[in-house]
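Given next are the chains, with one letter for each unit.
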Amino acid sequence: MEQRELAIRVGSPALFTIVVFVAWEIACKAFNVPLAILPAPSEVFGALWQYRKPILDNSWVTLWTTLAGFGIATAFGLALGIAIGWHRAIYAGVYPVLIGFNSVPKVAVVPVLILWFGLGEIPAILTAFLISFFPIVVNVATGLATTEPELEDVLRALGASKFDVMRKVGIPRSLPYFFGSLKVAITLAFVGAVVSETVGSNKGIGKLMLDAQAAFQVPIVFAGLIVLAVLGIALYAATAVIEARFTGWAFRGQANR
Amino acid sequence: MAYGRGAAAVRAIDEVTLDIARGEFIAVVGPSGCGKSSLMRLISGLHPPASGTLTVEGKPVAGPLKSVGMAFQNSNLLPWRNAIENVLLPLEIVEPYRSNFDRPRFAEKAKDLLHAVGLAGFTEKHPWELSGGMQQRTSICRALIHEPEMLLLDEPFGALDAFTREELWCVLRDLQKARKVTVMLVTHDLREAVFLADTVYVMSSRPGRIVRRCAVPLARPRELEVTYTQPFQDIVHELRSLIGQKH
Numbered sequence: 001m002e003q004r005e006l007a008i009r010v011g012s013p014a015l016f017t018i019v020v021f022v023a024w025e026i027a028c029k030a031f032n033v034p035l036a037i038l039p040a041p042s043e044v045f046g047a048l049w050q051y052r053k054p055i056l057d058n059s060w061v062t063l064w065t066t067l068a069g070f071g072i073a074t075a076f077g078l079a080l081g082i083a084i085g086w087h088r089a090i091y092a093g094v095y096p097v098l099i100g101f102n103s104v105p106k107v108a109v110v111p112v113l114i115l116w117f118g119l120g121e122i123p124a125i126l127t128a129f130l131i132s133f134f135p136i137v138v139n140v141a142t143g144l145a146t147t148e149p150e151l152e153d154v155l156r157a158l159g160a161s162k163f164d165v166m167r168k169v170g171i172p173r174s175l176p177y178f179f180g181s182l183k184v185a186i187t188l189a190f191v192g193a194v195v196s197e198t199v200g201s202n203k204g205i206g207k208l209m210l211d212a213q214a215a216f217q218v219p220i221v222f223a224g225l226i227v228l229a230v231l232g233i234a235l236y237a238a239t240a241v242i243e244a245r246f247t248g249w250a251f252r253g254q255a256n257r
Numbered sequence: 001m002a003y004g005r006g007a008a009a010v011r012a013i014d015e016v017t018l019d020i021a022r023g024e025f026i027a028v029v030g031p032s033g034c035g036k037s038s039l040m041r042l043i044s045g046l047h048p049p050a051s052g053t054l055t056v057e058g059k060p061v062a063g064p065l066k067s068v069g070m071a072f073q074n075s076n077l078l079p080w081r082n083a084i085e086n087v088l089l090p091l092e093i094v095e096p097y098r099s100n101f102d103r104p105r106f107a108e109k110a111k112d113l114l115h116a117v118g119l120a121g122f123t124e125k126h127p128w129e130l131s132g133g134m135q136q137r138t139s140i141c142r143a144l145i146h147e148p149e150m151l152l153l154d155e156p157f158g159a160l161d162a163f164t165r166e167e168l169w170c171v172l173r174d175l176q177k178a179r180k181v182t183v184m185l186v187t188h189d190l191r192e193a194v195f196l197a198d199t200v201y202v203m204s205s206r207p208g209r210i211v212r213r214c215a216v217p218l219a220r221p222r223e224l225e226v227t228y229t230q231p232f233q234d235i236v237h238e239l240r241s242l243i244g245q246k247h
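Each protein sequence line maps, in turn, to chains Z and W. Going by the working numbering, the letters in the first sequence line up with residues 1 to 257, in that order. Going by the working numbering, the letters in the second sequence line up with residues 1 to 247, in that order.
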């Protein structure tokens with residue numbers, strides 16, 4: 001049973017990935033697709049290996065700017081989410097502004113950031129932060145707002161202060177929402193960092209792809225895409241593991257097989 | 001005493017005086033919507049009265065009373081805490097336990113209490129691993145852990161099946177006997193009220209007021225067998241007729 005479970009969880013995604021790449025390879029060869037339009041996986045992985053040094057260097061930059069932006073977004077999102085969930089007046093005041101802010105496409109903000117901070121990592125970090133904090137705020141605030149009044153009553157009947165209620169009930173209760181939002185936020189932070197690199201930067205996978213595109217080195221562009229996909233999966237998986245670790249009680253349905 | 005605000009305010013409870021002796025077990029019964037639960041929420045201080053005053057031991061009640069423990073129809077256990085941790089919750093809030101929180105000692109105390117209600121072996125379980133009856137036992141332990149002077153129970157057995165309910169009557173009976181805590185039980189189960197209480201108060205609806213104070217003459221502690229005797233049935237019958245009536 002255990003082995004079968006493992007085979008399904010590891011085996012089937014691996015198999016499916018291989019099938020996709022094989023189909024892609026066959027399609028490219030069968031229809032004789034020009035290299036400049038869609039390179040076959042063999043060429044993409046060839047480029048990946050050949051240019052592994054610059055790709056690795058630039059991936060590292062993208063990775064750490066993403067994580068830095070994500071880290072700031074987590075701290076800021078958690079704090080603002082708690083503040084919004086704390087009181088209706090703060091909620092009413094801040095929420096419309098937040099929605100307005102979130103509606104602005106972040107690509108449009110990057111030039112401003114570059115103007116302020118120059119080319120480099122800081123615009124990428126800030127873009128990652130700006131794009132990813134919103135879901136964290138909304139989820140934490142929702143978790144707090146949907147706390148069952150009965151649970152709060154238990155504490156209030158004991159004479160607990162608002163702060164106690166928040167600490168003992170509100171915050172633990174909203175942790176599953178918080179960790180759930182991290183999975184969304186990490187993906188967005190990644191998008192933010194790459195978008196910023198693509199608009200204007202001197203380093204990072206986005207910049208590398210932009211340069212490769214200008215030089216018509218299409219396999220490198222696709223190699224960049226593959227790297228982005230792999231990084232995205234890794235970051236998502238990391239937050240999913242953290243989520244399961246801290247909020248197992250909320251997923252008891254799946255845990256008690 | 002009115003309940004609610006402005007135009008929506010309902011005159012929920014007319015003048016109600018409950019004389020409760022220390023260590024007494026009283027039950028409040030009445031038709032649904034008569035203000036039983038409102039009365040309890042007012043006494044606990046969870047809800048301030050919109051008009052009128054409320055005094056306990058001659059002092060007006062301004063906020064939640066520290067010396068009460070409450071249990072509700074739903075166990076309201078925190079799902080991320082196991083049974084012991086749930087029982088410990090009041091000690092993390094109420095003084096003087098809060099300032100010198102001694103976890104090993106308090107955990108021992110919580111464990112003893114859980115053992116006393118028949119939950120030995122379930123102390124490390126989370127709420128979803130406990131049956132409804134077990135959750136309610138845990139909830140009662142939580143209401144008692146900080147040694148309140150008064151236990152307020154709002155239909156605590158309402159959601160349980162008949163057999164579990166009778167089992168918990170006995171648990172509550174034994175706990176009250178052992179700890180000599182004052183208990184106020186709100187219920188609409190007349191057998192429950194007569195079986196457990198020294199004194200049963202009958203409330204009428206809108207506005208809620210006490211229409212009858214009935215001391216239960218049956219000797220205590222009572223066994224479940226008592227519920228099938230004629231004197232017991234007679235009291236239940238009499239109370240039932242009071243509730244059906246218009247006043």
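Read the hints as simulated data drawn from the structure, not as lab findings. Predicted model, so just to flag it, every value in this text is computed and none were measured. Each hint should be verified, as a subset may be incorrect.
[To be verified] Computed, partial: chain W to chain Z, Cβ under 7 Å:
1) Leu46
2) Ser67
3) Asn76
4) Pro79
5) Pro90
6) Tyr97
7) Leu190
8) Leu224
9) Val226
Just so you know, even glycine gets a beta-carbon here, dropped at the ideal spot from N, CA and C.
Requested in this report: Double-check Pro79/W for me: the hint is only fine if its C-beta lies closer than 7 Å to a C-beta in chain Z.
Outcome: holds, 5 Å
Report task. Report holds or violated for the interface hint on Leu190/W, using the least CB-CB distance to chain Z and a cut-off of 7 Å. Result -> Given a least distance of 26 Å, the restraint on Leu190/W is violated.
Query raised in the report: If you take the shortest Cβ to Cβ gap from Val226/W to chain Z, is it below 7 Å?
Result: violated, 32 Å
**Report entry** Status of the hint placing Leu224/W at chain Z (closest C-beta pair under 7 Å)
**Finding:** violated, 30 Å
Query raised in the report: Does the nearest C-beta of chain Z fall within a distance shorter than 7 Å of the C-beta of Tyr97/W?
Result: Hint on Tyr97/W: violated, closest Cβ of chain Z at ~11 Å, above 7 Å.
Query raised in the report: With 7 Å as the cut and Cβ atoms as the points, is Leu46/W at the interface with chain Z?
Result: holds, 6 Å
**Report entry** When the least beta-carbon distance from Ser67/W to chain Z is tested against 7 Å, hint result
**Finding:** Violated, about 10 Å.
Query raised in the report: Taking the closest Cβ pair, is Pro90/W under 7 Å from chain Z?
Result: Check passed: Cβ of Pro90/W comes within 5 Å of chain Z, closer than 7 Å.
Query raised in the report: Should the hint that Asn76/W touches chain Z count as held when the rule is a Cβ pair under 7 Å?
Result: holds, 5 Å
Checked against the numbered hints given earlier, the structure breaks hints 2, 6, 7, 8, 9 and satisfies all the rest.
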